[in-house]
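Colleague: Spelled out from the first residue to the last, the chains are:
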Amino acid sequence: MTGGEPPATAAAGAPMLLAIEALTKVYPGGQRALDSVSLTVERPEVIAVVGSSGAGKSTLIRCINRLVEPTSGHVRLGGLDMVGLKRRELREARRRIGMIFQEFNLVERLTVMENVLSGRLGFVGFLAALARRFPPRDVSGAYALLDRVGLAGFENARADALSGGQRQRVGIARALMQDPDLLLVDEPTASLDPKTARQIMRLIRSLALERQRPALINIHDVALAQAFSDRVVGLKAGRVAFDGPPQALTPEVLTEIYGVEDWSQTIRRADDEAEATQ
Amino acid sequence: MSAAAYPTVWRPPALFGSRTRQRIAVSCGIAYFVWSIIDLNVDVARMLAGFPRALNMLGRMFPPDFGRWALLLDGMVESLQMALAATLVGALLSVPLGLAAARNLAPKPIYVVARGFIVLGRTLHEVIIAIFCVKLFGFGPVAGLITLGFASAVFLAKMLAEDIENVRLGPVEAIRATGAGFGQMVTYSIVPQVLARTVGMLIYRLDANVRHSTVIGIVGAGGIGQTLSASFSRYDYDFSAAILLSIIALVALGEGFSDWVRRKLR
Amino acid sequence: MSEAGVAKRYPEVWRRRSPRESALGWLWTATIALAAAWSVSALDIEWAFFADAHVQALDLVQRMWPPRWSYLPTIVRPLIETLHIATLGTAIALVLSVPLAFLAARNTTANGLTWAIGRALLVASRSVNTVIWGLVFVAIFGPGPVAGIAAVAARSVGFLAKLMAEAIEEADRGQIEAVQATGASTAQVYLAAVLPQVMPVLIGTTIYRWDINVRESSVLGFVGAGGIGLYLYASINQFAWQQVLVVLTTILVVVLLSEALSAYARARIT
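As they're listed, the protein sequences go chains A, B and C.
If you're matching positions, the first sequence starts at 1 in this note's numbering and goes up one per residue.
If you're matching positions, the second sequence starts at 1 in this note's numbering and goes up one per residue.
If you're matching positions, the third sequence starts at 1 in this note's numbering and goes up one per residue.
In case anyone wonders, no lab produced these hints; they're calculated from the structure.
Just so it is clear, the structure is predicted and the values come from calculations on it, not from any experiment.
Don't be surprised by glycine CBs; every beta carbon is placed ideally from N, CA and C.
Wrong hints could be hidden among the right ones.
[To be verified] Residues of chain C clear of chain A, computed beta-carbon distances all greater than 10 Å:
no., residue
1, Pro11
2, Val13
3, Leu24
4, Trp38
5, Trp65
6, Ala116
7, Ala124
8, Glu169
9, Ala178
10, Leu195
11, Val201
12, Tyr208
13, Arg266
14, Ala267
[Unchecked claim] Coverage of chain C stretches by chain B, computed from C-beta distances (three or more under 8 Å per stretch; other residues unrestricted):
no., stretch
15, 53-61
16, 102-114
17, 127-138
18, 248-255
Next up, chain A with everything else stripped away, as it sits in the complex:
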C-alpha cells in the first residue's frame, strides 16, 4: 500500500494528485493530436473526458502512462513527472496507474484469476509470474475483488468464455489489483450494450469513490458522462474546450465541443440518468 489515505481535499502544499502541463503530441505525419493540454486534479473525483473522434481523448489518456510517448509537456503523478522517466522507473510508476480498456484486453486463453492477478505483475519477479505463484495477500485480494465486482466463483473460467460485461469487470478487477493512485479508463462502455454500460459506469464510479482515488474516464456518450462524473473535460482538436461540472454542459457548450446538433435530447437523458442513480 502506498502511504496513507489521501484526504478528501488535498492539503495545502501537498503535490497535486495529477498535474498535466502543456502536454503536446504531434504524430510523424504532422497531425497535432494534443496541443498544449493542461489539467490539474486536486481531489479524488471522477472526471469524464469527452469530445468527438480524433479530438485527442484516447491520446491524452495514453500519454499519461506513456503507452503513447508525448512530444512535449509534463505529466506529474503526485509530484513525479512521468515524462522523462527511464524504463525501470517508468515500470514502477505504471504500477501506480490502473488502466481499463475499451476492448477489455484480457489474455483470452488464460483464466479469470490469472488475468486479475496480472495486475500484480509489476510487484512480483519474473519466475513467480512464470509459475503463477503470487503472494497469499494478492490471491486473497484477487478473490475479494472478484467478489466485489460480482464475479465470485468465476476465477477458473477462461476469459474468452465470458460475456462482454463480465470481461470488463475482470478488467476492472485487474486494474484495482494494483491498488493504483489513479484510474485511467479508455472508453469502458463502447463495446457494451446500454444496460451493461450503465452497470459498468456505476461500478467504476463507486469503486473510485470507495477507494478515494481519482478516475479519468474517456467516454463518447455524453449522457453517461454527465450522469456518472463529478467533472467534465471537453476536448476539441487537441485542446481543452471545456472544464467544469456536468451541469454546466449546456447545448451551447456541446455545440462548441462537438458541433451543431440537437443537444436537448442528450441533456434530458442525462438528467433522467442522474435521477435514477440518486
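Assemble the complex: chain A is given as a structure, and chains B and C must be docked to it using the hints.
Modeller: Same frame as chain A, but now just chains B and C:
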C-alpha cells in the same frame, strides 16, 4: 396491357467474365493437354506391352511376405526414431528462427535473412536435402535426422513467425500498462496466444516426419525407405508389398494419433 | 461498505491446475523426455563427422561456384517434362477423386462396406509418398514420365478426395433436401446440390496440390520416373557440382513460380 416477351433460353454466367474469355481458357486448356501428351513422347505400344509384365509384378506382390519381419521392424523403428528426434531438434531450432522471422519483432535485415532461409528450406524437396546430408554426414539415419530436423525447423519457424505476427496487441498493451517487465509481458500475454497452435503444429509435424522418413531412405538417409528401395532393386516384390503395407499402417496410425491429440488440445 | 462485524475470509492460494492435472502434466513431460532419449539413443552419431561437416560443406559450396550455365539447354526439356508430369498427374487425380470422394463420404456412400472401401483407398493413397509410388510404378510401367504421372496421380487422389469428402459431409442438408423434394434422382441431387457446394473447395485444393506436385515431380527422376530429377541425380553422382548448382537453381525458380501462381489463382477464386 401487352404481354411482355421473355427470353426462352438462359445460360449461366460465364466463368472469367466474358464468354470469349471462357472459350479461350478452355481451348488453351485442351491445347495444353494435347501438346503435353505429345511432348512426352509416350510410347503407347511399349506401355501396352508392359501390361502383362505389370500384372506379373502385381502377382508377385501377393501374398506379401512378412517372413523377414525382423528387418522390416528394424527399418520401421529407425524411421520412427528419426522422425521423433527430428521433430524435437526442429522444435528447438525453430524458436530462434521463428523469432528472427517475425516482422513485428526482428530488425529488418535479420528478418529478411531468416525469411529467405525459410523459403529456401521449404522450396527444396526433402529428398534433395537428404542427398546433400548424405554427402556430408554419410549414409544412415544421422543424415536423415539432419534432413528432417532442418525441414521441421523451417516449417515450425514459419508457423511461429506467423503466430507472432498475428498476436493481438490489446492484451500485450494491458500487461505493459500494469508495469510488468519485458519477460513477464512475453510469458503472460504473448506465449498463451501463441502456444495453442504451436503444440498442434508440433504434433502435425511429427506425423509428417514419420511420412517423410519413409522416403528419404531411398537416397540412403536411413529408415524404412532404404529397406524398401533395396527390396525393389532386388525384385523382392512380395517383401516390397509387406513393407508398403507396413508403411501404410504406420502412417495411418500416426495420423490417427495426431488427430486425436489435436482434438483433445482444443 | 464492509459488513459490520463479519469480515469475509478469502483463500490465499490459487492453482491453475488441479493436482491431478499437474500430475498429468508431469507425466507428459516425462514421456516426451523419455521418447527423446530413446530416439537419439539408437542413432549412431559419429561426432567426428559433425566436427568435419562444416569444412566439407564449405568445400562443397566452393566447388559449386561458378555455375555452369552451359548446362542449361540440356535441362530445359526435362524441366518442361517435370511440369507436364505435375499437371497431367494432378488432372488425372482430380477426375478420379470425385467418385472416390462420394464413396468416402458418409452421407453419399451406398452402405458401410463401400464407405470402408472408400476410406481404405484414401488412406492407402495418402500414406504412401509420391516418390515411393514412383518406385512402384517404375516397376510396373518401366522408367519414364508415365510412371511419374501415375505416381503423382496416385498420391494426389487421396489428398483431393479426403478434403472433398469432408466438404461433402459438411454440405448443407437443407439444399440437398430441397433438390430431393423435387423428385430428382440421386445422381441429379449430387450434381445440383452437392457438387456446387463442394466445387470451390475442390478447385482451390487442386491448385494447391498442383504446386506441391511440381515440387514432388522435381525429384521423381531419382527413381527413374522422369523429369529433371534424373539429371540432378546424375550430376551429383558425377560430382559435377557446377552443374548441380544450375539444376538446383532452376528447380528453385520453377517451384517458386508455381507457388506464386498457385497463391495468386487461389486468391482470385475466393
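Colleague: Against the earlier hints, flag every one the structure doesn't satisfy and list their numbers going up.
Modeller: The structure conflicts with hints 1, 2, 16, although it agrees with all the remaining ones.
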